[in-house]
Amino acid sequence: MDAAEIHRRLRDKLGNSVLPEIKENEWPVIGVLPAAIAESCRLLRDDPETAFDCLSNLTAVDRKTDDLIDVYYHLYSYGHRHKVNLKVSCPRLDPALPTVSTIWPIGDWLEREAFDLMGVNFIGHGDLRRLLMPEDWVGHPLRKDFVEPEEYHGISTRRESLLKL
Amino acid sequence: MVYAALFYLIAGLTVGCALGVALSRNVVYSAFALMGTLLGTAGMYAFLAADFLAVVQILVYVGGILVLTLFAIMLTHQIADVEVSNRSVGRLPAMLIVGVVGVGMFTAMFRAPWKMVEPGEPLPTTYGIGESFLGPYLLPFELASIVLLTALVGAIVLSRKEIRD
Amino acid sequence: MGYFQNIKDTITTIFEGMAITASHFVRKPYTVQYPDRIDIRIQDTLPFRYRGLLDVDLEICTGCLACERACPIDCIVIDADKNKKTKEMVLKRFDIDLAKCMYCGLCSEPCPTGSIHHTPEFEGADYSLESLVRRYVKAPIPAYKPIKGPETDPEVAPILSRGLKYLDEFATPGDSK
Amino acid sequence: MSLINTLPETVVTSKVDDVLNWTRKSSVWYMLFGLACCAIEMMQTGGPRSDLDRFGAVPRATPRVSDLIIVSGTLTLKMALRTKLLYEQMPDPKYAISMGSCANCGGLFQLAYSVCDGVDKVIPVDVYVPGCPPRPEALTEGLLKLQDKIQQERWLVRAPESAAV
Amino acid sequence: MSTTSIEIGLERETPAGLETEEMTLNMGPQHPSTHGVLRFVVKADGEIMRRAIPDIGYLHRSIEKISEKVGYHGFMPYTDRVDYVSAMQCNQGWAIACESLAGIEVPRRGEYCRVIACEFGRIASHLISVGATAMDIGAFTPFTHALREREKINDILEELCGARLTFNYMRIGGCAWDIPPGFIKRATAFLDAFEPLIDEYNELISFNKIYTERMGNVAPVSAELAIAWNLVGPNLRGSGVKYDVRKDEPYSVYPEFDFDVPVGEGKMGEVGDCWDRYMVRMDEMKESCKILRQALGGLPEGPVVAKVARTFKPPVGEAYVRVEGSRGDMGWFVVSDGTAFPVRTHIRTGSYSAMAIVEVLSQGLMIADLIAVIASLDIVAPEVDR
Amino acid sequence: MLDIGLHHFLTVSVLVFIAGLFTVLTRRNAIGVLMGVELILNSANINYIAFSRFGGSGYDGQIFTIFAIMLAAAEAAIGLAIVLGIYRKFETIDVEATDTLRG
Amino acid sequence: MRKFADSLLNGGIFDGMPIELGYVLVVAFFAFVLLNFIMLVAGVTSWLERRVWGRIQSRIGPNRVGPQGTIQWLADGLKNIMKEDIIPEEADAPLFKIAPYLAMMGFFATFAVIPFGDGLVVADLDVGLLYITAVTALVVVGVLMAGWASNNKWALLGGIRSAAQIISYEIPAGLGVITVVLFTGSLSMQSIIRAQGWEPWNWFMFDNPFLFVAFFLFFVSALAEGNRTPFDLPEAESELVAGAFTEYSGLRNLLFFLVEWGNLYVIGALCATMFLGGWQIPPVTENPFLLGLLQFITFFAKSYFIVFVAMWIRGTLPRVRVDQLMTLCWKYLTPIAFVNLLGAMIWFIVFPHGFLPMRIAMVLIGGGIFLYFLSRVMFHLRRAKPEMHLSPLA
Amino acid sequence: MNFDLANVLVFLLLGAITAGLMLGLGYLLRPDNPERRKLTTYECGEPPSGSAWINFNIRFYLIALIFVIFDVEVAFVYPVATAFRQFVLDGNGLVAFLELFVFITILFVGLIYVWVKRDLEWLKKVGEPG
Ligand code: SF4
Ligand code: SF4
Ligand code: SF4
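Residue numbers (this note's numbering), protein chains in the order written: chain A, 1 to 165; chain B, 1001 to 1165; chain C, 2001 to 2177; chain D, 3001 to 3165; chain E, 4001 to 4386; chain F, 5001 to 5103; chain G, 6001 to 6394; chain H, 7001 to 7130.
Just so you know, these hints were derived from the structure itself, not from any lab. Glycine included, every Cβ here is placed at the ideal spot set by N, Cα and C. Errors might be hidden in some of the hints.
The calculated label-pair distances, taken between Cβ atoms and stated as ranges, are [unchecked claim]: (1) Arg4186/E / Asp2153/C: 36 to 46 Å; (2) Gly139/A / Arg2037/C: 22 to 32 Å; (3) Asp2055/C / Ala4193/E: 28 to 38 Å; (4) Tyr6372/G / Gly1154/B: 48 to 58 Å; (5) Gly139/A / Pro4315/E: 28 to 38 Å; (6) Pro7034/H / Thr5011/F: 42 to 52 Å; (7) Gln7086/H / Thr6070/G: 43 to 53 Å; (8) Gly139/A / Lys4313/E: 25 to 35 Å; (9) Ile2011/C / Glu6387/G: 51 to 61 Å; (10) Leu5071/F / Thr6285/G: 49 to 59 Å; (11) Glu4359/E / Asp2055/C: 41 to 51 Å; (12) Pro2146/C / Pro4315/E: 33 to 43 Å; (13) Val147/A / Glu4359/E: 57 to 67 Å; (14) Gln7086/H / Tyr6372/G: 52 to 62 Å.
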């Protein structure tokens, strides 16, 4: 099934929560409003015509200039061998999205990672803890405005360059 | 002389460790002290020219029963933690009882007119024991297997039942 | 029956495995007895493009700073001034931090003369970190000025040809069509 | 009481010292402690081609029996604390080799927010091996350098005044 | 010491009676079998695990963030460190991602060089994987034999790109070094010697009864479970799903080669058990050899790298490409805003999902099985943590 | 004194017996009690053998001891199984707590 | 031994001393020699294992310390003496300290009855074989103690595993031993050897099919009791870090290592005694000294052959899992051993004086298996076409 | 025979003395530098969570239980095996065989019992007791 068809189906079901244009790409991008993302994911997975049984990737992107955080969901269907990329934009100050970890189990870790590094809140995710950084870490390091702390448990994070005479 | 010295050494080990079992507050220590007594007893057997028994003593008591006891202790950590604060019999009354019994036994021991024969040159015993098993002691020998079988089945059923309900 | 099949499988597969390991008793060990019991130095067996410790041939460095700029992690520091009078570049400082370098080769790729290059040398262990910083310029020296045509200076020519040979190792970009 | 660094320097004591140092350097057991890419090269160093075993250096699983920790790879802040603990759990005398740029000074990950720039910030390092990763022979050379260092040490003999700290 | 979140939830429940108390074991970060710095908090009941909770991040080196600082060309050496066991495919992933952003076409010889390098890298990586699996099961010898063969591959790759592990071989638009003279002969010679060794290796360990007993029927992953957890590559194929990015979403010049995609068949137990995953790798090495012979034989002439500006500025946009790495398909996601520095790079790797599934798989296994599971999933720490 | 005779062995046996008795009396801990019983059995065994050696009764004493050892093993197996059973039921190993069995 | 001691004492060196003290001195002297010998054996075994292992793995192994690395073990030992001795705070200090000595005592004790030659044995106990099985119990308790006292989970798990494993395999091992005892009627090591001859067909291994099976039963069980691969679970590096000895450092750890390497030799010695004819040599010389030396060498060579096989196995096989270990013991080895024992009894009743054709047939079968093995080795060599290197030293 | 037994004892004593000597030598030669963190329990670089002295799995116990019984049995069979040879040579082999056969079979029944009752199985589902 090609992207346009998927897009049409989604729009049939969810109406204006799905943005009208799709960006043709290797992974065609379909924009979705934040509130509808979990719903559209569920539809895409459960519809036997689309049957997206795999969440291939989930990435959060900090668009500081636009004051947005984009979250990309790369979906893949092993049954039909087709793919689609859902894109959600949420405000940078308080990014919050419904979780997809109940739809694909791997979403659990992917969302935790996005939370850890980018500070995206996934509502309904039962166990939203840090994944990669230590629990006592401050800040979300992949944000553009993240500043590295001076020291961590007594270990300074700076190093004088040996090349400075 | 050396013979006597060795005897006292082993007797000391036996009795000392027995006291250790009696007096130690920690069950694990008691168990390890018990090992000393068992080894010492094996030594006593050796002195009494019962070489086969000495070895069986180590094999069954140390290798089997003691290990089983240790397993039981290690299985249940609270056993080692149980504070023996209010004993079934206090230490002092126990001392008394033990003292009386001990005095009685010693008296009996030294008073009794033991009919003694001069012990012969120590000889290997294994063969003789085997012969007795196949000869005069055949019935107990076969019974032993039944006892063991019963013990095995009984113990297994007991532990299994207790675990499974 | 599974029971006896298991026994048979165990015996035969172990037998086979033992035969393989036994055959190793007569195979030659693969060990190269670095450092002393070898015929040729390891360094000499490495390919020319091996990316070992960095080295700079100051004789042919033009002071163009291409390498400094290309290094993603700034472990090269070069001070090159233009001498006002002679209009010559003078290298005052050429330091490489070998402790930090990641041996990626990105610096030697843009070098016009192959002055900065990786050598097959790899022995650099030391007791202190400072000694891993290589300071090539001891006293300010004039930079090399490329001339048209083949190099004539007999002292520089072999070095330059080595450098150019090193550059040749890199693939030449061509159009895909 | 121990005799370490208490004896006066004489021909005999220094000879004994030499022998003791020789045994220590001939049997450097290193801890299996792979951190990142360099760990692969460390494995190769113990592998057939380089075979550190030739020099009596074998990998050990626990810090308790190791003499040497080869910090091979990127030390993240999260790991740095653990590394410190592991190093501290090693019995004296102990040594550390820092293998690769990351362990030396952070290397290419000085740009990173989560990396401890250099293992010498948490534990004292005896030998630095440059490379990214150092090839097995380079690590072997580092080990030989360490052996030289061990051979120079004073064990029983009192350290010369100037060197005393 | 900083606590990870796991400790917080780990208050020991007081046991009742002989109920075996749950023993909380830390396996890792320094543990001989975790291959680098992985950590599992094992909740065991004697020898049997209730759960093994993976705890990651001990090798989180912020590679994704660094890409925003060093630019497209400068990031290439960093991709080597994403999966240091088989760095070539990471190189390729990044190169293809950038090329697809900017629409660059790679010369055919360049593609062939890439394939050759990648397949050698795949063999080297699988060697480490199967060797380490055998080592974790207790057989040290196969591991050293694998290391020995890997050394030979390292020599070959060293000849090609001057490094043994962190190759930095590819560039956006092609490769940095052309194939050196005499390389093809030596590479073919290696393949000739190597292929019988695979059989020897199989006889030495793969079919050993103890080994098959240890690996067979342990932690089988059904195809549905594997897909739902996004297992990829050999792990997915071990579960019987015939999917290989090289075949099903072809990139580079892979369609020109003839090779099979081995899948797990449940020969030693259920489909998708540890042995299947292990065996898929064994078979894949043979397939790689096949590809290599074809690529080495049919190497076209021409340049190996296209002309690409030194300051590479792709147009605005995003690209998500997948390449078949040694640990399954690697997703490279790049967002460009038209400057010389990417806005965001995200690398989705095979080990990441493999690590996530351990908690599910480990339930009810024995501690010794956990090791088999980790090893057969072929988890490499930096791939998880990046 | 230097000539080791029957009385020496009997003395050791009595001392071990006393220690065993003391253990049995003072321990509330069931496993401890079992250990005391082992001690007592051992002291009896020493007696058996001492008498068989000094009383000239051939192998009888030794064979008795073997059976005693066998019974000790059986006793330990069953006894420990019971102890563990009790322990599980009552979450304790106090002997007196088993009184609840009656109630 | 007694004869020897008597002859020494009659030589008049110890005149004027109580005779018992004289004996003690003689025994102590021999014990001292034997102790050093044990350490040497343990050390050399460890070196040899590393070399054999190295060769199997296409490596070399230790070859720098001393000529060909032969004194590597000495360096290891001395170094370990110089290591700090850590007793973890959480551990139970007294037990933690005693445990290694207990294990070592248990292991030392076995050496007392190993017959290195006709008269070369410290104590030819009449219950020799049973004695060896019994003192292993000390090792069990030592390891269990070590595991428990460390208060470390890996150690505890390793200790319990180890204890469970050693005791379980005592059953098949014991049944294997009993099969031999049936044919000799004695438990004494010397009389078992004397019941065999120097010719292979007079070895118990080739006496009849049941003893042949018993040999493998015993060998496998002994490997398991010695915690050797493929049964090295207690110290399975990839699972339990270092098993019961995880917390031990320096000297105490060394003692455990000593036990491990020494035990390997004991396994070899036992197999050699019971199945391979022990020190039996053809009657070549009358000279008692030379005879003793030859017997010693024969015995040593036979036991080291078994040791070598154990190393070779270690270089080949993976490790079994703990449940498989128990399955193997209780469901395979023990029942087979039972049946085998009954079979052996019947055989003995049928042929109370042995059956020569069977012996020769067994030797031929053994040779046949060996030849087939060689052909497989050749096959693998031909397939891999490696560089050959026949010298054992590289 | 006593001579041999005494030998063993002397041998053991000497073993203990040697170990003591080694310890003494070590005492002289080794550094002693206990720091608090050095003495912490090793658990793969993490601070250990909880003591190791906890209730352990019962399966090990069952194994030991079965072992004890069979151990005693083996101890019984040893002397009989030594006597067996003489019986056979005396022509009473069949009697001895039958007697031993009965003994062994009865215990073999025990083994079969535990086997059938799955007490030798280890891999049981979590939660399933035993
Ligand atoms: S090799 Fe790489 S890291 Fe090193 S100096 Fe050159 S560019 Fe910088
Ligand atoms: S080394 Fe090369 S690139 Fe660097 S400044 Fe000199 S000439 Fe320029
Ligand atoms: S130094 Fe280089 S190879 Fe080593 S860990 Fe760091 S990045 Fe990896």
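>> Range first: 28 to 38 Å. Now tell me if the beta carbons of glycine 139/A and proline 4315/E are that far apart.
In response: Holds, since glycine 139/A and proline 4315/E (Cβ atoms, about 32 Å apart) stay within the stated range.
> At the C-beta level, are valine 147/A and glutamate 4359/E separated by a distance inside 57 to 67 Å?
Replying inline: Violated, at about 34 Å.
> Taking the CB of glycine 139/A and the CB of arginine 2037/C, does the distance hold inside 22 to 32 Å?
Replying inline: violated (54 Å)
>> Can you tell me whether the CB distance of arginine 4186/E to aspartate 2153/C sits inside 36 to 46 Å?
In response: holds (38 Å)
>> Within 25 to 35 Å: is that where the Cβ-Cβ distance between glycine 139/A and lysine 4313/E falls?
In response: holds (30 Å)
> Range hint 49 to 59 Å: satisfied by the CB atoms of leucine 5071/F and threonine 6285/G?
Replying inline: holds (54 Å)
> CB of proline 2146/C to CB of proline 4315/E, is that within 33 to 43 Å?
Replying inline: Roughly 36 Å apart at Cβ, these two residues keep to the hinted range, so it holds.
> Do the beta carbons of tyrosine 6372/G and glycine 1154/B sit within 48 to 58 Å of each other?
Replying inline: holds (50 Å)
> Is 42 to 52 Å right for how far apart the beta carbons of proline 7034/H and threonine 5011/F are?
Replying inline: About 45 Å separates the Cβ atoms of proline 7034/H and threonine 5011/F, which means 42 to 52 Å holds.
> Is the hinted range of 43 to 53 Å satisfied by the C-beta distance from glutamine 7086/H to threonine 6070/G?
Replying inline: Given about 49 Å between the Cβ atoms, the range holds.
> Do the beta carbons of glutamine 7086/H and tyrosine 6372/G sit within 52 to 62 Å of each other?
Replying inline: Taking Cβ atoms as reference, glutamine 7086/H and tyrosine 6372/G lie about 40 Å apart, which means the hint is violated.
>> Quick check on a hinted range of 41 to 51 Å for glutamate 4359/E and aspartate 2055/C, using CB atoms only.
In response: Because 50 Å falls inside the window, the suggested range holds.
In this structure, the hints that do not hold are numbers 2, 9, 13, 14, in rising order.
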